[in-house]
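**Q** Taken in order, these protein sequences are the chains called P and E. Going by numbering that gives the first Met the number 0, the first residue of the first sequence is number 0, and it counts up by one from there. Going by numbering that gives the first Met the number 0, the first residue of the second sequence is number 0, and it counts up by one from there.
By construction, these hints were calculated from the structure, which means they are not laboratory data. Here the structure is a predicted model, which means the values were calculated and not measured. Please note: incorrect hints may appear among the correct ones.
[Said to hold, decoys possible] Under the rule of at most 30 Å between Cα atoms (straight-line distance), these lysine-lysine pairs were calculated in the BS3-like manner:
#1 E:Lys184 x P:Lys68
#2 P:Lys433 x P:Lys14
#3 P:Lys319 x E:Lys313
#4 E:Lys200 x P:Lys68
#5 E:Lys226 x P:Lys123
#6 P:Lys255 x E:Lys313
#7 P:Lys136 x E:Lys184
#8 E:Lys123 x E:Lys109
#9 P:Lys123 x E:Lys229
#10 E:Lys408 x E:Lys419
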Amino acid sequence: MNFSEVFKQSNQLCKVSPDGQYLATCVQYRLVVRDVNTLQILQLYTCLDQVAHMEWSSDSLFILCAMYKRGLVQVWSLEQPEWHCKIDEGSIGLVSSRWSPDGRHILNTTEFHLRITVWSLCNKSVSYIKYPKACQKGMDFSADGRYMALAERRDCKDFISIFVCDDWHLLRHFETETQDLAGVEWSPNGCVLAMWDSCLDYKMLLYSLDGRLLSTYSAYEWSLGIKSVAWSPSSQFLAIGSYDEKVRILNHITWKKLIEFEHPATITNSKAVVYKEVEKRPVIGTEDLSVHELALGSSLFNSQSKYEIVSLPAQVPVVKPDLDRANPKIGISAIAFSADNRYLATKNDNMPQSLWVWDMQRLGLQAVLEQTAPVRCFVWDPRRPRLALCTGNGKVYMWSLAGCVSVKVQAEGSFQVLSLFWHGTGDSLVLLGKDQLCLCYLATDEEK
Amino acid sequence: MPESSYDGKNNICSYPAMPPSRQYSQSTMSLLPVSPYSGPKDFCTEANISECMLYISQELSSLGLPSVFYDLNGIRELDVLSTLNSMYSLLQLHQRAVGAVEDLEVEQLKVSSDLHCQQLTNSKLKDQLELSKKENVRLRERERQLEANIKTLQSCLKNEKEEVQKLQSVIASRATQYNHEMKRKEREFSKLKERLSQLLKDKKEKKHGMEVLNYVGRSDGRRSQWKTGKTDARHESEMYKTLLNEFDKHQKELMLENAELKKVLQQMKREMVGILSPKKHSQKEEKCPENIDQQIASDEEETSEMSCEYAREKLTNSIRQQWRKLKNHVENLDNKASMVHKEKVVGEMITKEIHQEEMERLKMEIQQCKDFIQTQQQLLQQQLNTPCDEETAAVLNDCYMLEEKERLKEEWRTFEEQRKNFEMERRSFTEAAIRLGHERKMFEEDRATWLKHQFLNMTFTEHLNIKTQTGLSEYSGQEHKHPSGPKTPL
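Isolated chain P, as found in the complex (with noise of 0.2 Å):
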């Protein structure tokens, strides 16, 4: 693994272009683009003011820099340079951009979820949208980037507007059984819409892309319902984390549940391992240390750690949560599946340490890390089933089938890992420190 040296990075804005070639990030007021492979840089862009929201158009040809405060959304073009663009909002503020799959509109959604303007970067022509819906997830568009969900409410009442992303045009509109929608989320393979009540009341729906309600799936009642939701690459299945800290997969021809895993603070599971991360503080003066262990950089902050396999059964560390506040921090709060669909991870919120593997094959735990600080963040390898992950500290560590590995982040002074994610190649990490980033260069194997 070999680590780029440290840039400086404003707000966590940091991200590679579609196509994988440049990577932009946004330091303060200024957007800095370069080429991924040399982390030259290649344009430097200037905007109005600190920038909250950085985005790549789908073709990375533009990009898009907002600003929430001002109310405005700068655009600026790769191609052509001194091209500009400047959308403002105006008095009507601005809390949420985005681009639309095409590359050619940005979806601008205004103070208190008033409504959401379309503006086209290829002719005059502004489109809106009235009564979006604050909630969590309230728009999403399809993979192929042909349809977009939206929710909205009316009167008391939730509905989903089905648009085609070519020109706008209102498809589908449909009022949902549900209380107060939470979020929706299109199928991989765009034909199924997937939306989930607010946390009171478990109540997942599935519509299909011409509207029909082709099933609806509600594991409990009156407890605390559902936290995460996602959808499996091939589409076949439906994860859903849920606060009694159970993951529940939906399979796609009979929308019933299929399995439900469990996070239980004893794991007996015979097929699992169990990596415990182990901070091994180097101590001075053992025969084997070598010089070129001292000059890994062995000062008493940042201690090497590895991991060790613990013996079944074993007990994973708890967090009892503080019950009487609302969104407590007790269930899955993060479910990914790898790319191949073959594994997925999971972070139950009362177990923050400890990340869970589960093999979709077998339907059972593949395995459980054990962290020394709680899970920050973690991602799937694009291409392989390959998962790495932060807990803040400074180190990256990896899963795949064939083990664990920890590694120190190389980088002058203390670099704190707090997000992460992959280039789309899968052969490279992106780290952003607080103010910082780092580029992680991997090999083709790892050792255990």
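Use these hints to put chain E onto chain P, whose structure you have.
**A** Just chain E now, with coordinates in the frame of chain P:
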């Protein structure tokens, strides 16, 4: 007895009785002592008057009555007066006795009736006791049931309480969530109100619009189209096309899966029938397996062509049937095996214990082998790890190599020797073969010449016979010499 006195009272006797005496009936007469051997016999006769008198007096004196005779000059004379008085007092006694007997009889009657009454009451009481005992048992039983009932109800109550608590906690969490949401909405609302008031105050609209240097072309390069009914229809049709494609794909996958599963089922069925049919051969007629085979063939044809409900059902039913037969068969085998196992003490079949012992032994062997491998690995590891000098390592390596080399040299030597031997043998064999060929040729030639001579000699006169005979013997002697002629020394 009472009858006799009652009868006795009615019958008035003709005796001149002064005191009201008891009337005697036949039965009283029967009380008189009767000799067991003969009928009533007279106690006193003419002969034994004085003895009788004496006896009677003695008896009477024992009863406290005077004697009935008096002595007159040594002759006992009957005193009529005292006799009559004695008789009278005896009668009185008798009456008194009878009265006493009657009283006693009455007494006895009373007592027996009392006893009878007592017995009746006793039995009644016993019945009552039985009844009350049964009642008691029944009540106890009822009490036990009620107690069990109480226990279940208490546990139900506990469960209900727990459920209530759970629901209360759920309600509490929901309430906090609602409150939180409510607060959030209120905050947003207040912000909205503020903004609205601010806007009303400011009233100067900031510029709202987009300024762009130049418009960019569409990402797919085409021009945008007008929104007409056609485009709407186009969108609809595209959407349905997407859905249909997805359904098609899905259906294809499912059909493939179905076909696979059907194949597997059919194979299973075939194998099951195959397993079962040899048994049927021995038990039933030979027709059955053939029938089954035919049936299977026809089934497979049908099911592979049709995929309708009927074929599916047929296949699943036949599989179930076969499976049931197989299960029964296996169960029978199990039973037979267990029975045979019981019968045979040292049987040909491997009993469980022997089997287990074998397993243990094998496990031990495996463990030993594993240990051995581990030690080997360790040694190897040591070899690799110990940073010994290169010289010693080289020397060690050389030692091993040397040994190997020596061994190989030995083998090579023996191999060479063997090769030489084989070579020699081969050479000798070839030479022998060549020689044999030569000799054969010579023999043939000799035979030919001999035959020629024979033929020639046959045409000559018989006086040459003797010569040829001698010539032949010479020749045969010469012939024998020939094969041993050309002999090359080895």
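**Q** Going straight from one Cα to the other, do E:Lys123 and E:Lys109 come out at no more than 30 Å?
**A** holds, 21 Å
**Q** Mind checking the alpha carbons of P:Lys319 and E:Lys313 for me, to see if they're no more than 30 Å apart?
**A** With a Cα-Cα distance of about 57 Å, the restraint between P:Lys319 and E:Lys313 is violated, given a limit of 30 Å.
**Q** Given the hinted pair P:Lys136 and E:Lys184, is their Cα-Cα distance within 30 Å?
**A** This hinted pair holds, its Cα atoms lying about 17 Å apart.
**Q** Decide if the proposed pair is consistent with the structure: E:Lys226 and P:Lys123, CA atoms, cutoff 30 Å inclusive.
**A** holds, 15 Å
**Q** Is E:Lys184 close enough to P:Lys68, meaning Cα to Cα at most 30 Å?
**A** holds, 21 Å
**Q** With the threshold set at 30 Å, check whether the alpha-carbon distance from E:Lys408 to E:Lys419 stays at or below it.
**A** holds, 16 Å
**Q** Between the alpha carbons of P:Lys433 and P:Lys14, is the straight-line distance 30 Å or under?
**A** holds, 15 Å
**Q** Would the pair P:Lys123 and E:Lys229 pass a check requiring their Cα atoms to be no farther apart than 30 Å?
**A** OK: P:Lys123 and E:Lys229 at ~23 Å, within 30 Å.
**Q** Are P:Lys255 and E:Lys313 close enough, with their CA atoms no more than 30 Å apart?
**A** Given pair P:Lys255, E:Lys313 holds - Cα atoms ~28 Å apart, limit 30 Å.
**Q** Holds or violated: are the alpha carbons of E:Lys200 and P:Lys68 at most 30 Å from each other?
**A** holds, 20 Å
In terms of the numbered hints stated before, the structure departs from hint 3 and from no other.
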